[in-house]
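J.: From first to last, the protein sequence lines are chains D and H.
Last residue of the first sequence: 154 (my numbering), numbering continuous.
Last residue of the second sequence: 1260 (my numbering), numbering continuous.
Treat the hints with care, since some could be wrong.
Unchecked claim - So, partial list: chain H residues that the calculated Cβ filter (under 8 angstroms) puts toward chain D:
#	residue
1	A1137
2	L1255
3	V1256
Stated by the list, open to error - Think about it this way: if two alpha-carbon atoms lie no more than 30 angstroms apart in a straight line, the pair counts; the simulated DSSO-like pairs of lysine-lysine are:
#	chain 1	residue 1	chain 2	residue 2
4	H	K1253	D	K123
5	H	K1246	H	K1159
6	D	K43	H	K1164
7	H	K1253	D	K43
8	H	K1240	H	K1140
9	D	K43	H	K1246
10	H	K1159	H	K1240
In case anyone wonders, no lab produced these hints; they're calculated from the structure.
C-beta: ideal position from N, C-alpha, C; glycine also.
Spelled out from the first residue to the last, the chains are:
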Amino acid sequence: MTKSSGSMSSAAQPRPGRGGEARQGPGNLRSPLGRAIGAGCAKQGVQHWWTQRLSAVALVPLAIWFAVSMLSLPSHDYSTVSAWMAQGWTSVFLILFVLSAAWHSQLGVRVVVEDYVHDSGTKSLALALVTFFHVVVAVAGVFAILKVAFGGAA
Amino acid sequence: MADFRLPANSRIRKGVTHKAPEAAREVRAFRIYRFDPDSGENPRVDTFELEAGECGQMVLDALIRIKSTVDSSLAFRRSCREGICGSCAMNIDGLNRLACITSLHDLGREVHIYPLPHMPVVKDLVPDLTHFYAQYASVKPWLLAETPAPPDRERLQSKAEQEKIDRPAACILCACCSTSCPSYWWNSDRYLGPAALLAAYRWIIDSRDEASGQRLDALEDPFKLYRCHTIMNCTDVCPKDLNPAKAIAEIKKMLVERQS
Ligand code: SF4
Ligand code: SF4
Ligand code: FES
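So here's chain D without its partners, still in its complex pose (with noise of 0.2 angstroms):
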């Protein structure tokens, strides 16, 4: 195994023990601060932290709302839900409600592949996958408020 005399020397050793050689496998002679500096600053990430903030205040009375109309609905067979379902500003709230939703949880899974997926290859089709569930149910939950909403029966 590698004798370490002095960390900075010695850094671009392979050595053994808690992760150390998965982080810097055999035969990287990069040095330190190149590695730290790594591919640089991707100059983003500014929109995806304020938009997740962004639509989890927009989601706080919304989801409220919802609650609180469901709970006090008389009943929740078909027709009374889709009854009120079709009513205007319920329409509008809930499509806003089924976008926000959908918006906060793709901005939320994403960081999540991110945090725990490291293999690129890996990454980057987890994260076209969850991009575009996010949009089938977004589109999907749209079109059924919408088909309610005007066509009556379903």
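Using the hints provided, position chain H with the ligands relative to the given structure of chain D.
T.: Using the frame of chain D, we list chain H with the ligands on its own:
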């Protein structure tokens, strides 16, 4: 994927027990992580029993006692023994702290001592901090200014301006915070971690520095900065009572504010 188990060569086996002398009245046990890179063997946990009265006041005193009386091969870093050099950071009873200012009186009969979590281990309690230091260097922790300093004196700061950087500048780079941060465990190859981000913040808000903008530019990255999920472990463990989590939140706020 994230690692849910330690790599095979890092799994801990049972170690040896160094019994206290028969005559000992009150015994204290130190269960210490040992790793010898030359042996080719997995790490182990050795138990050192000491007469309680001979341990000294602080965890570091006990470690020095063990090294000088029981096993001279025990490796750990220390220098100032007063909480200012940051060398003796280690994981004591599950918390990252400085051995030299962690009083044995606050700990139980049995004390568990490990190196800082999730770092490559050089030997025993000595972690490899190369990457941690390189990340610190990568935020350019020095004054950047185009305006030359006045020829006859230093660059001045008002009292209020100095007070802003007073606490952040007190960081001793012990790495207790970064190595307690789950985000840093999973993504330290790209996430800068609380210590380096606190240093970046300290220079961003320094009234004499003229590169705040560039510094913010260099941090606006999903990994370098935004892996922080405000878990707050960093602030909980900092032995100097600093608040890296708040510094990171302030950086995020500045990045939003400069957009509109
Ligand atoms: S912020 Fe605190 S815990 Fe982190 S390196 Fe500095 S002194 Fe140590
Ligand atoms: S607040 Fe951020 S830096 Fe501190 S422990 Fe949590 S994720 Fe890590
Ligand atoms: S020996 Fe310097 S901080 Fe503990």
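J.: Determine for every hint whether it applies to the structure shown.
T.: To see whether the hints hold, each was checked on the structure:
{"no.": "1", "hint": "A1137", "verdict": "holds, 6 angstroms"}
{"no.": "2", "hint": "L1255", "verdict": "holds, 5 angstroms"}
{"no.": "3", "hint": "V1256", "verdict": "holds, 5 angstroms"}
{"no.": "4", "hint": "K1253/H to K123/D", "verdict": "holds, 28 angstroms"}
{"no.": "5", "hint": "K1246/H to K1159/H", "verdict": "holds, 22 angstroms"}
{"no.": "6", "hint": "K43/D to K1164/H", "verdict": "holds, 27 angstroms"}
{"no.": "7", "hint": "K1253/H to K43/D", "verdict": "holds, 16 angstroms"}
{"no.": "8", "hint": "K1240/H to K1140/H", "verdict": "holds, 22 angstroms"}
{"no.": "9", "hint": "K43/D to K1246/H", "verdict": "holds, 22 angstroms"}
{"no.": "10", "hint": "K1159/H to K1240/H", "verdict": "holds, 22 angstroms"}
Checked against the numbered hints given earlier, this structure breaks none of them.
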